[in-house]
Amino acid sequence: MSRRKKPIAFFLWHRRIGLVALMLVIILSVTGIMLNHTEDFKLDETSIDADFILDWYDINPQGIPENYTIKEIWISQWNQQLFFNGKPFYTHKGKLQGVIKADDIIAIAFEYSVLLVDNQGELIELVVITSESPINKIALFDNKIALLDLQNNTYLSNKDFTTWHKHTLTVPNSTPGSTPHSTPLWAHTDELSDDKITQLKQAFRGEGLSLERVILDLHSGRFFSASWGIYIMDASAILMILLGLSGLWIWWSRKLKMRQKKHYKKHH
Amino acid sequence: MIYKLLFTLLILASFNSDAKGTYQAPDEFIAQAFSEKVPDPSFVWVKGELKQHIEHILQHKNQYRRIRFWQQGQRSVWVLKEIGKEKPITVGIVIDSNKITQLKVLIFKESRGWEVRYPFFTKQFNQLSLIKDNQLSDRIDSISGATLSVRALRKLARIALLLNINIQQPALEK
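Chain order of the listed sequences is P and D.
Just so we're aligned, residue 1 is where the first sequence starts under this note's numbering, counting upward by one.
Just so we're aligned, residue 1 is where the second sequence starts under this note's numbering, counting upward by one.
Treat the hints as calculated values from the structure; they're not laboratory data.
Since this is a predicted model, take the numbers as computed values, not measurements.
Heads up, a few of these hints could be off.
Quick list of in silico lysine-lysine cross-link-like pairs, DSS-like style, CA-CA up to 30 angstroms [claimed, not checked]:
(1) LYS144(P) to LYS99(D)
(2) LYS87(D) to LYS51(D)
(3) LYS61(D) to LYS37(D)
(4) LYS87(P) to LYS51(D)
(5) LYS87(D) to LYS20(D)
(6) LYS51(D) to LYS85(D)
(7) LYS20(D) to LYS95(P)
(8) LYS93(P) to LYS20(D)
(9) LYS81(D) to LYS101(P)
(10) LYS166(P) to LYS81(D)
(11) LYS20(D) to LYS144(P)
(12) LYS81(D) to LYS137(P)
(13) LYS109(D) to LYS85(D)
(14) LYS99(D) to LYS51(D)
(15) LYS85(D) to LYS20(D)
Residues on chain P that point at chain D, a partial pick, calculated with CB under 8 angstroms [to be verified]:
(16) GLU66
(17) THR162
(18) ASP195
In silico contact screen, one side only, chain P against chain D (beta carbon under 8 angstroms); selected entries [to be verified]:
(19) GLU122
(20) LEU123
(21) ILE124
(22) GLU125
(23) ASP160
(24) THR163
Built from N, CA and C at the ideal position, the CB exists for glycine as well.
Could you put together the complete structure from these sequences and hints?
Listed below in structure tokens is the structure:
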């Protein structure tokens, strides 16, 4: 009984291996043919726009950008990337809390620091703020930078924006000819137009992703995972070897059986 | 035998991971550098000829246009950063009368080359000044396996001395 079951089990495993390997072998073969004709298919010239693939490669920004506009300058943050008039210029892990302009210096507030830049987006200094809690707001006050933390403590800079001290923002007596910023002007976010969001998205993606890169990664298995993806394709190659060997075994055992049958018929 | 070997490797691994981190907070270093009250920070603008000199030393673009320092009489204190291989090394440098009196690694984030934190290495910078072509007045012996960290510290020492000269001769920045 068990002797008769063996060939059926072998056939079953041969079929299972074949089915598992089929999908991967199709990917391997199709991508292989495409890569052999990269120039004909214009793989290197075609860039990927599909969001789900860009998300898969982590080169698509998540959520919506935060933006602050001061006259003709707009400073935005999307994920950790900062943009100056739509051009990436700095990366920072902290969340953007506001932007103000004092004379020729633009102050960009994060939760624990203030980045000073000039009108062209050149970095001046990243000043670490030792506040009691994370910075929540930034304002221009009397030509100085005022910061408000989450516990409603306010901090006022010196005129060079090198140090900040705890301060109560009292409005000075208004006298003729007094400075125009005698009341704190808090920074407010504003919404970006669709065109500007598209500009930021393109800037975030940089040179983007070519179809050739995706096909190469599918072929090598790295598309599925950078670390273990290649082993999937290794496994498919091993399955193909097993499939060939098991096919050979089935063919050989059938041939052997036919010979035995012929031999039996001849002599009986 | 194999357990002993594994134990030794574990000890070495933990020792190596402890080597990364903050050895001294920059504020603490600055406070220690002055016997009395810490002066308010001043800053130097990196532009013109000074910018060229600094970028020549760094061999890359200088990131920030303003560098802060603390000064009292002939003494100035600088906290500067430079990347060794991949991550920044923060160094505190005290200069007195145009000579380095202390150089200390404050924050180290690289995965190797942390030996530069030890005084046997940093004390080589003491009493060094700047000579022709913004070079240090004496050679600094390297540490095998920490070449890039040593190089970063050499650069920072040269930049601090150059900036210190600049704050006395502001004409250089024009």
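Contradicted hints - numbers only
Of the numbered hints, 1, 3, 11, 16, 18 do not hold.
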